[in-house]
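Each chain, letter by letter, is given below.
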Amino acid sequence: MFLHIENLTKIYTVDHETLVGVDNISLSIDRGEFLSIVGHSGSGKTTLVSIIGGILKPTAGRVLLEGVDICTLDDSKLSEYRANRIGFMFQFASLLPILTAKENVLLPGIFNPGPKTDKDKIARDLLEMVGIGEKLDSYPSQLSGGQQRRVAIARALLNKPDIILADEPTGDLDEETEAEIMHLLQEINKTQGVTIILITHNLGLAGKAQKQYRMSRGQLADI
Amino acid sequence: MAQISFISVALKNLKRKTFRTGVLVFAIALLVSLLIFAISFTVSVASSLKKSSERLGADLVVVPVGARGFAEEFLLESKNTSFYMPFSIIEKVRKIEGIEALTYHTYLSSISGLCCDIMPTRIVAYNPETDFIINPWLQKSLGRPLQLGEAIAGFGTSENLGLGLLDIEATIFNNRFKIVGVLEQTGTGLDHALFMTEENLQNIIESGKSPLKKGQISIIFTKLKKGLDPDFVGRILEGEIPEVDVVARSDMGEKFISTLADINKIFLLTTILASVLTTFLVWAIFSAIANERSKEIGIMRALGAKESHIVRLYLIEVLVLGLLGSIIGVLAGTYLSALLAGSFSLLKNISAGLTVNQQAVIAMVGLLVGTTICVTGAMMPINRIKKMEPLLVIKEE
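If you're matching them up, the sequences are chains A and B in order.
According to this note's numbering, the residues represented by the first sequence are 1 to 223, in order.
According to this note's numbering, the residues represented by the second sequence are 1001 to 1397, in order.
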């Protein structure tokens, strides 16, 4: 199994009050799968992908990627895991305003120097692929919301990740742009074999994934 | 086109708020310039005193009782003063055990009037047979001893203005003198004197315009036998000859040194206060930066940045700020030191100046202190930045 989630639980304590973010979830995902998780705000979707992405530690349970439990990794190894195997897309414009589109795409490269490849060319090709090859030197403030999401997709792909975690990546976009971004993710999944976990509250969008799950009060169920 | 790096991202971060960056650079520059000025002032006075006393080449300086201050003013500060003691003191000093060599000077101040056609200046008459102070300087500049009726100008005398006045004649106390040359700079108060051999003094005394009387000298310079403690011999000298005061080489400029110690305390206090304020300013600004950029830091962490990457990114920012401020501070401080040197009577009267090596060391100290203070102020916010939980800061709206 490529990605195996086992009895995953996350409990928050806020002002002496206990909140269950993720409640004993188990899930197996094959390499190259495109799955979606729908649910209302506060249902635990973001908590779940954050644990899978290694930016949040669970209270209990395991996340095994090709047999390695990422929950036991130290900060340095976890950072390497994120840099090498995960591509994040967030539910807001997550580009650094001081960097151009191309520099934003190149940003993960400075944290993961990896083999000596022409990352500059890769970044250009990725921006070309997501359809904004002419906006290389534009700053985020000069790009539309849809263009910024495309830059974020290109950035997520720079280090050739195994998994893209897209947390409501089209949340504040119009329907047309939303469809374009969704199409782009499907293409990436198909052509590059990248596993995609899409978090959304839009059932229509979720229906385009190969597998769909619903999350409610920290628990996961098939749709 | 070049790929991005930690340095390029840090530089872009600094450009993001140029006013804030400018304020920080200015604050660090102010601190460093104050530090550079303080150190330059202290070191130049202290080293000038040391250099002057070393250049004189005497282990002990013997002056009339009560004239110690005048002697220091004459030798270190270039002030016109006259003080005399009987010639017979020389023999008394010579008899003290441990004295290896001695020589003496007689000091005169020229006066304005018909008797002298030079600017009022200090005249040093020396014994060419025994002298070990002027002779080495003379050998270097003139290559021969001075003759009767000849004088040589110190580097800083009015006669040396323009250097075109060599081989001119001057009237000093109604006696004609040929100014045969200019000595090299010695860094002592004697740079502002005219030198002649003591055989000229008889004619000057006879002119009746000088306060000097026959059989008087001003100062005796002594060299001690190797291994003897100057302070010990000095105490014996003062005990044996009550008419004199003795100044050891290491005690030359005691008045300056005590003034300098007080000034140092003020400088130290000011620098400490400025350092604390600058550290606090850096801390406050980097705390604000940490809050402003928390989401970006969370994003970078999610993209694979390790804690050490975040620290590196912000340390580069701090180091660039610190170095830039320190370099400006070093330049401003050095310029200020040169500009204001003339405004301080303490510096005006002595041949203060720093060597290139001393200036380089002071500049390095300035760079080091400025950068260290910047890094110290930013360390706590940087430490907080690196510990931020990525998800929490990403979700903060």
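Misleading hints may appear alongside valid ones.
[Claimed, not checked] With a straight-line Cα cutoff of 30 Å, these simulated DSSO-like cross-link-like pairs (lysine-lysine) come out:
1) A:Lys160 with A:Lys208
2) B:Lys1223 with A:Lys77
3) A:Lys77 with B:Lys1387
4) A:Lys121 with B:Lys1295
5) A:Lys190 with A:Lys211
6) A:Lys57 with A:Lys211
7) A:Lys160 with B:Lys1012
8) A:Lys57 with B:Lys1017
9) B:Lys1223 with B:Lys1095
10) B:Lys1213 with B:Lys1095
11) B:Lys1017 with B:Lys1265
12) B:Lys1295 with A:Lys77
13) B:Lys1223 with A:Lys135
14) B:Lys1213 with A:Lys160
15) B:Lys1095 with A:Lys135
[As the list claims (entries may be wrong)] Which bits of chain B does chain A cover? Going by a derived footprint, with three or more residues having C-beta under 8 Å, they are:
16) 1188-1201
17) 1226-1238
Hint data in this document are derived by calculation from the structure and do not stem from the laboratory.
These figures come from a predicted structure and were not determined experimentally.
Beta carbons: idealized from backbone N, C-alpha and C, even for Gly.
A quick look at each hint next to the structure:
1. A:Lys160 with A:Lys208: Holds: Lys160 of chain A and Lys208 of chain A sit about 23 Å apart, inside 30 Å.
2. B:Lys1223 with A:Lys77: Judged against 30 Å, a Cα distance of about 73 Å means the pair is violated.
3. A:Lys77 with B:Lys1387: Distance ~16 Å between Lys77 of chain A and Lys1387 of chain B Cα, so the pair holds.
4. A:Lys121 with B:Lys1295: holds, 28 Å
5. A:Lys190 with A:Lys211: holds, 14 Å
6. A:Lys57 with A:Lys211: This hinted pair holds, its Cα atoms lying about 25 Å apart.
7. A:Lys160 with B:Lys1012: Distance of about 27 Å is within 30 Å: holds.
8. A:Lys57 with B:Lys1017: Cα-Cα ~35 Å, so violated.
9. B:Lys1223 with B:Lys1095: holds, 13 Å
10. B:Lys1213 with B:Lys1095: holds, 25 Å
11. B:Lys1017 with B:Lys1265: violated, 38 Å
12. B:Lys1295 with A:Lys77: The given pair, whose Cα atoms are some 22 Å apart, holds under the 30 Å limit.
13. B:Lys1223 with A:Lys135: violated, 83 Å
14. B:Lys1213 with A:Lys160: violated, 100 Å
15. B:Lys1095 with A:Lys135: violated, 96 Å
16. 1188-1201: That given contact is violated, which follows from only 0 residues of the stretch 1188-1201 of chain B lying within Cβ reach (below 8 Å) of chain A.
17. 1226-1238: Per the Cβ count (0), the hint is violated.
Checked against the numbered hints above, the structure violates hints 2, 8, 11, 13, 14, 15, 16 and 17; every other hint is satisfied.
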